[in-house]
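**Student:** With chain A's structure known, arrange chain B on it following the hints.
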Amino acid sequence: MAGFNKVVNSYEEAMAGLTDDMTIIAGGFGLCGIPENLIAEIKRKGTKGLTLVSNNCGVDDFGLGVLLPNRQIKKIVASYVGENAEFERQMMSGELEVELTPQGTLAEKMRAGGAGIPAFYTATGVGTLVAEGKDERTFNGREYILEEAITSDFAIVKAWKADKFGNLVFRKTARNFNPLAATAGKVTVVEVEEIVEPGELDPDEIHTPGIYVNRLIQGTFEKRIEQRTTRTLGE
Amino acid sequence: MALSREQIAQRVARELKDGYYVNLGIGIPTLVANFVPEGIDVMLQSENGLLGMGQFPTEETIDADLINAGKQTVTMATGASIFDSAESFAMIRGGHVDLTVLGAFEVDVNGNIASYMIPGKLIKGMGGAMDLVAGADNIIVTMTHASKHGVSKLLNQCSLPLTGKGCIKKVLTDLAFIEIKDGKFHLLERAPGVSVEEIIKLTAGELVVSENIPEMQF
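Protein chains in written order, with the numbering used here: chain A, 196 to 430; chain B, 1241 to 1458.
Excised from the complex, chain B in its bound form:
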């Protein structure tokens, strides 16, 4: 069975380490915050200028001056700090954020990522995604392995305008956990009940499969 959005988030959360500063993108990455493992403290960075993002406010504590990068109202965790947008991206560009999790339309075997624009169709802008992928060393991309019509999103070469070049090393899809190195995809883990053959069929880019690919446990 393909992973649910929550299971994708849950698997990503296992990559968190105690003391990590983490930037979570919009969508599935945001859900990672709900699955931080027991005994681990992380601090969430929101690129609009907040380090130490807390949970959503109650109706009583809602504050129009306190939002996250998805423009949702949020709260501040204990020990939070506030700063301007240049400072925020100094943290990001300067490599101070330990882990970045973001979504994508496509990734390819050379670690290129396309996530912000479908020409003639969807032109909303890159927001902070180009800075995040250029600045972070440790990035996990979350996305579905293929489109609803079975078209692979893991390619030999991205077809859409790039968000970043050669910057992605790890991808977690609803079917598999994949590492990118030496110009190839490498299958690390598969979703429970999903066969290696299925993953091979839905991966358009060159995929290296070793023997005994473990199933993710939930």
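If we strip away everything but chain A, and leave its shape as in the complex, we get:
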């Protein structure tokens, strides 16, 4: 690796240094924009005791769900986990610790973590189970709770295109949590569909600057669709 070139040549190299009991922040919403090959590499490595921070936990045989059968996940911080039978089983039996976090709060926790802000006040969750044990404060007559930022040992991210310096462009709603995850990892690993030479991306159109990215790899993607919904022409 030379200078600002972030490109690595194998998934093994991409996830090198990941060890048991680490925390990983993962981008993606449902199965859209998930770093599917990086997840597959974590499964292959067999790393255990992981704390995963991600909006969802995949489905039984795809996405983060593939880490469940071998009990690689100790705890998950997520907003919605309903699509996954093994997940529900492990959660109900107490094998898997789940911290349900409102979606906007989860996004802001990542953003704050990456931006060096340790905590923030939000009205989301006031008067609910989410508020339990958290500081409450009133501003302008309205109640807010204090939510702490999240950072992680690793962030795993899926982008559309990158240049070799790790400048990233996302595509459509596959962006979701990915730019936020990218800022919040001690080691941020990004997989993309295409890597181009520095200078080929228009600087005005870069969503995530390369400063946040440590490792970059080009992959091929299944991009499975969770709810395939169509109309017939003329409808």
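Hints listed in this document are in silico derivations from the structure and should not be mistaken for laboratory results.
Errors might be hidden in some of the hints.
[What the hints assert, rightly or not] Okay, derived cross-link-like pairs now, DMTMM-like style, lysine to aspartate or glutamate, Cα gap no bigger than 25 Å in a straight line:
hint: 1; chain 1: B; residue 1: K1364; chain 2: A; residue 2: D255
hint: 2; chain 1: B; residue 1: K1361; chain 2: A; residue 2: D256
hint: 3; chain 1: A; residue 1: K356; chain 2: A; residue 2: E343
hint: 4; chain 1: B; residue 1: K1361; chain 2: A; residue 2: E294
hint: 5; chain 1: A; residue 1: K238; chain 2: A; residue 2: E294
hint: 6; chain 1: B; residue 1: K1361; chain 2: A; residue 2: E343
**Tutor:** Just chain B now, kept in the frame of chain A:
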């Protein structure tokens, strides 16, 4: 007759105003998009990061990178924009969305809403619902008035874990359009052919009924 899912959506759609940015939840709220009144333009916000959600794609235009918050494949309307999840909830939390429509298990006379968890039974998570109810000023809850067994979902106090506290002002059920203020339900309209007595019977929380409650017209 109780309203159908489509009629609930149709009645909600009459609350839309030209130029509204609207977030529609999963289920009945999604159907509201099919009943936008003639001559009114609204833009749909999907909290996974899309403002200007279009209709479902055809088999030819389906794109795995373009979904809505219900994880369904969608398209983009003219003038759409894409953003990350923090930006999406900045819009929501910051009060920039004009109307939010979402479902619920229960609401109560103090505007509390329970919609995400049945302890020991259903624990899927709140998704964006807690942010939506905390951030929006203008919310319409759509739900059935009572369970299949006739147990009211409009209560003096929610029994399930809350999604939000004191944030709901309007509820449209299959039987009635109800406003919440001053710690009471107020009956505004009733479904065609549904009597006030029937609504009173199926409303567990305190309900204020004035004279001459109009029937909804379809």
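**Student:** Can you confirm whether the C-alpha distance between K1361 (chain B) and E343 (chain A) stays at or below 25 Å?
**Tutor:** 29 Å, violated
**Student:** Hinted pair, alpha-carbon criterion (25 Å max): K356 (chain A), E343 (chain A). Please report holds or violated.
**Tutor:** The given pair, whose Cα atoms are some 31 Å apart, is violated under the 25 Å limit.
**Student:** Next pair to validate is K1361 (chain B) with D256 (chain A); report whether the Cα-Cα distance is within 25 Å.
**Tutor:** 23 Å, holds
**Student:** For a C-alpha distance cap of 25 Å, please report whether K1364 (chain B) and D255 (chain A) respect it.
**Tutor:** Measuring from Cα to Cα gives roughly 15 Å; hence the hint holds.
**Student:** Are K238 (chain A) and E294 (chain A) close enough, with their CA atoms no more than 25 Å apart?
**Tutor:** Holds, at roughly 22 Å.
**Student:** Decide if the proposed pair is consistent with the structure: K1361 (chain B) and E294 (chain A), CA atoms, cutoff 25 Å inclusive.
**Tutor:** Status holds; Cα separation ~17 Å.
The earlier numbered hints that this structure contradicts are 3 and 6.
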